[in-house]
Amino acid sequence: TQLLEQSPQFLSIQEGENLTVYCNSSSVFSSLQWYRQEPGEGPVLLVTVVTGGEVKKLKRLTFQFGDARKDSSLHITAAQPGDTGLYLCAAFYGQNFVFGPGTRLSALP
Amino acid sequence: GAVVSQHPSWVICKSGTSVKIECRSLDFQATTMFWYRQFPKQSLMLMATSNEGSKATYEQGVEKDKFLINHASLTLSTLTVTSAHPEDSSFYICSAARGVGEQYFGPGTRLTVT
Chain A
1 TQLLEQSPQF
11 LSIQEGENLT
21 VYCNSSSVFS
31 SLQWYRQEPG
41 EGPVLLVTVV
51 TGGEVKKLKR
61 LTFQFGDARK
71 DSSLHITAAQ
81 PGDTGLYLCA
91 AFYGQNFVFG
101 PGTRLSALP
Chain B
110 GAVVSQHPSW
120 VICKSGTSVK
130 IECRSLDFQA
140 TTMFWYRQFP
150 KQSLMLMATS
160 NEGSKATYEQ
170 GVEKDKFLIN
180 HASLTLSTLT
190 VTSAHPEDSS
200 FYICSAARGV
210 GEQYFGPGTR
220 LTVT
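Line by line, the protein sequences give chains A and B. The first sequence maps to residues 1 to 109 in this note's numbering. The second sequence maps to residues 110 to 223 in this note's numbering.
Heads up, some of the hints might be wrong.
[Stated by the list, open to error] Some chain A residues flagged as far from chain B (calculated, every beta-carbon gap over 12 angstroms): (1) Pro8; (2) Ser12; (3) Glu15; (4) Ser26; (5) Gly53; (6) Lys70; (7) Asp71; (8) Ala78; (9) Asp83; (10) Leu86; (11) Arg104.
[Unchecked claim] Straight-line C-alpha distance at most 20 angstroms; calculated EDC-like pairs for lysine to aspartate or glutamate: (12) Lys56(A) / Glu211(B); (13) Lys150(B) / Glu196(B); (14) Lys70(A) / Glu211(B); (15) Lys129(B) / Asp174(B); (16) Lys123(B) / Glu161(B); (17) Lys150(B) / Asp71(A); (18) Lys150(B) / Glu38(A); (19) Lys129(B) / Asp83(A); (20) Lys150(B) / Asp174(B); (21) Lys150(B) / Asp197(B); (22) Lys150(B) / Glu54(A); (23) Lys123(B) / Asp136(B); (24) Lys57(A) / Glu131(B); (25) Lys150(B) / Glu17(A); (26) Lys123(B) / Glu211(B).
No lab work stands behind these hints, which were simulated from the structure alone. Using N, Cα and C, we set each Cβ at its ideal position, and we do this for glycine too.
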């Protein structure tokens, strides 16, 4: 069983559409991070959320940390082809940094 | 700031040979670095945690004698794949921890064993 679950696993949308991807766990985390990874490259940190209920915005991306700090969501407004990639949530569990399985997004022109 | 480099970015080697991959934190010191492996279309799998000046901690199922990790300084960790075989072909990614909860990733090294 994965410590972090992500849904959906795959998502294909048209340019201009909105979308939300989710990261869920039964565990409580002190912080949670979202990354985007493009093929052949390492993950790039998008945001770190720390406080339960926190909402952070990064241009067209809106991140929310659940009140109980067990889940998080990433909402993209008016998706663009450049948003295509693997979106990973991750968190420290003990001394290890754990990744979710990722959501693979394809934003088509 | 918070730049992590890896070298080489890709390498092809013959079965039975050893390959060393370097991970450097360029503008900060990292007491802890992590090594991950990623198969196509899958998420990152933690292989080991590398602590400067001490032995690495390996995840269950990762052979420490096959994947040798050395973290000799606060800016450099190396992963050596010994006696590589085709099944070791993968994308290897390192990361360096800066502060609590902050982790920055290298660009990855694609290893192909023929």
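Here is what the structure says about each hint:
No beta-carbon of chain B is positioned within 12 angstroms of the beta-carbon of Pro8(A); the least distance is around 14 angstroms. With a least beta-carbon separation of about 14 angstroms from chain B, Ser12(A) lies farther than 12 angstroms from that chain, consistent with its non-interface assignment. The claim that Glu15(A) lies off the interface holds: its Cβ sits roughly 23 angstroms from the closest Cβ of chain B, which is beyond the 12 angstroms cut-off. Every CB of chain B is more than 12 angstroms from the CB of Ser26(A) (nearest about 18 angstroms), matching its label as outside the interface.
With a cut of 12 angstroms on Cβ distances, Gly53(A) stays outside the contact zone with chain B, its closest approach being about 18 angstroms. Taking the minimum C-beta to C-beta distance to chain B, about 16 angstroms, the non-interface status of Lys70(A) holds against the 12 angstroms cut. For Asp71(A), the condition that its CB be more than 12 angstroms from all CB atoms of chain B holds, with the nearest at approximately 17 angstroms. Look at Ala78(A): its CB is around 26 angstroms from the nearest CB on chain B, clear of 12 angstroms, so calling it non-interface holds up.
In this structure Asp83(A) is separated from chain B by more than 12 angstroms, as the shortest Cβ-Cβ distance comes to about 18 angstroms. Its closest Cβ contact with chain B, about 8 angstroms, brings Leu86(A) to no more than 12 angstroms, contrary to its assignment away from the interface. With a closest Cβ-Cβ approach of about 7 angstroms to chain B, Arg104(A) is found to fall inside the 12 angstroms limit, against its non-interface label. For a cut-off of 20 angstroms, the pair hint linking Lys56(A) to Glu211(B) stands: about 17 angstroms separates their Cα positions.
A hinted pair counts as satisfied when its Cα atoms are at most 20 angstroms apart, and Lys150(B) with Glu196(B) qualifies at roughly 16 angstroms. Annotation: proposed proximity of Lys70(A) to Glu211(B) holds, straight-line Cα distance about 19 angstroms (limit 20 angstroms). For the hint pairing Lys129(B) with Asp174(B), the CA-to-CA distance comes to about 14 angstroms; that is within 20 angstroms, so the pair holds. Under the criterion of a C-alpha separation no larger than 20 angstroms, the hint pairing Lys123(B) with Glu161(B) is inconsistent with the structure, at around 30 angstroms.
Only pairs whose Cα atoms come within 20 angstroms are accepted, and Lys150(B) paired with Asp71(A) is rejected, the gap being roughly 23 angstroms. Between the alpha carbons of Lys150(B) and Glu38(A) the distance comes to roughly 11 angstroms, so the proposed pair stays at or under 20 angstroms and holds. Distance hint between Lys129(B) and Asp83(A) is unfulfilled; the C-alpha atoms sit about 33 angstroms from each other, more than 20 angstroms. Of the pairs offered as hints, the one joining Lys150(B) and Asp174(B) is violated, with about 27 angstroms between alpha carbons and a cut-off of 20 angstroms exceeded.
Of the pairs offered as hints, the one joining Lys150(B) and Asp197(B) holds, with about 16 angstroms between alpha carbons and a cut-off of 20 angstroms not exceeded. In summary, the hint linking Lys150(B) to Glu54(A) is not supported, as the alpha carbons are separated by about 30 angstroms, beyond the 20 angstroms threshold. Between Lys123(B) and Asp136(B) the CA atoms are separated by roughly 34 angstroms; this puts the pair beyond 20 angstroms, and the hint is violated. For the proposed pair Lys57(A) and Glu131(B), the alpha carbon gap of about 35 angstroms is over 20 angstroms, so the pair is violated.
This hinted pair does not check out: Lys150(B) and Glu17(A) have alpha carbons roughly 24 angstroms apart, beyond 20 angstroms. Our distance criterion of 20 angstroms between C-alpha atoms is broken by Lys123(B) and Glu211(B), whose separation comes to about 36 angstroms.
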